[in-house]
Amino acid sequence: MWNYEKRLQYPVKITQPNAKLAQVIISQFGGPDGELAASMRYLSQRYTMPFNVAGLLTDIGTEELAHMEMISAIVYQLTKDLSMDEIESYGFDKYYVDHTLALWPQSAGGVPFNSCFFQSKGDAITDLTEDMAAEQKARSTYDNILRLIHDQEICDPIRFLRAREIVHFQRFGEANREDCSELV
Amino acid sequence: MNFKMNTEQENMLHDISVVDFVTVEMAEYLDTHPMDREAMEYFNHYMRMKNQMMRDYANKYGPLSLSVADNSCKEWKWALQPMPWEGGC
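So the sequences go chain by chain: E and C. Numbered by our numbering, the letters in the first sequence go through residues 1 to 184 in order. Numbered by our numbering, the letters in the second sequence go through residues 1001 to 1089 in order.
The following block holds chain C by itself, in its conformation from the complex (with noise of 0.2 Å):
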């Protein structure tokens, strides 16, 4: 089973990885350097960035996480989310 996203979504997907890659560098990174405020700073600008990009994400294709799950819709849209491995991302 494929799923096809449009070009959009793959981009907005492909943004959400990127910048949630920076997160994930950074969390690590800070760590071991948890004085570095340089590194906080730069940390919390990608997590800001990553959480509405999660959000704007959601509203137009579906929660890629529970977080950001709509639950005013009549349908659970978490569930109707295609696997990842699935080739979607």
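Okay, chain E solo, but in the shape it has when bound (with noise of 0.2 Å):
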């Protein structure tokens, strides 16, 4: 179970809107290595972990969902209020026919989000390892997201979800030890 607290992670203030940056941030939401997809990957797999494990894919799973949060309300921001003017010069025509200005998980690319973004194989080493691959994918896609993009209010709550991929990948591997069963 869950409990909500109504504040983001790290705060969003993005006073200029701008649908073309939109349609390449909404990756992190819906897209192949997005948190969405980070989310569901560990919170499917803890399952059928050790209990130890569990409980660390249950706290960063929990952590991911507030990540989600953050991309969600960037790319919100970043779309709100645009004139009709505004929405066909940023080419955001072909988004907005299908979902208006409403928050969506696909890809940078248009590629719907699909749970085929992630595995989860019922195997301690082989579900961490793609865990601490996960990350690394998330934090070269904030990379990629930081040489595309310069406006300081977009980069820095992005350069703070990418700081946690790094964090999260430092933890997978503590895990991902050969006796992961006695944690110390």
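Hints are not guaranteed to be accurate.
Unchecked claim - Here are the simulated lysine-lysine pairs, DSSO-like style, with alpha carbons at most 30 Å apart: (1) K13/E - K1050/C; (2) K1050/C - K6/E; (3) K1060/C - K6/E.
Read the hints as simulated data drawn from the structure, not as lab findings. The structure displayed is predicted, hence computed values, not measured ones.
The two chains are supplied separately, each in an independent frame; assemble them into the complex guided by the hints.
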């Protein structure tokens, strides 16, 4: 079960809407290495994990939900109150026709969210190794976003999310030791 | 719809984010280091601090979680809180 706190894990305050940038960042909502896939990966895998690893997957999977909310807030604020002229000039018309200005999980290329983005294999070594790779793939995606976007209002929360990928990689590495049943 | 906050409210929310971040980071660390007593004391210290800050914020500006929602008022303040993606925090 979960509890909700009505606040973002890290502040998102974007004053300049830009639907072109939103179409890039939405990949970290519903794309192959996005936060929705991350959260569903860990929260699906945990049931068949050793109980101490299941606890780590629960806590990180929960934090990923908070990251999904931050990414969603960025996309929402970048597309809020757009005029029809802006929607067309930013190339946002193809998204707009299906979803108006609502949030829908897809990649930057328009591919819908799919659970084939992640695996849940029932083998602790296999799943934890995938989890470590997933954190690096998400970190690479944030690096790419930071090469494409230079607006500080956007880059600040993106840098926070990038740093969390590195910490989670470290935690999964600790859990993926040979004897992960005896964590100390 | 934008919800304007005064500086004190923004500062309190900022401080809650900082202290909460410590508890998230320490919880994940402790998940792989469950015998680290120094880390546990660190976690306990910041979790107590966060709980107090959540109560103080709720008393002034309304609850950020149901666990600090005051049910002695005439109105259901939880529902009247702005959603966080509106730029308030």
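Decide if the proposed pair is consistent with the structure: K1050/C and K6/E, CA atoms, cutoff 30 Å inclusive.
The hint holds at about 15 Å.
Would the hint linking K13/E and K1050/C be met if the CA-CA limit is 30 Å?
holds (23 Å)
Quick one, are K1060/C and K6/E close enough, alpha carbons at most 30 Å?
Given pair K1060/C, K6/E holds - Cα atoms ~15 Å apart, limit 30 Å.
Violated hints: none; the structure is consistent with every hint.
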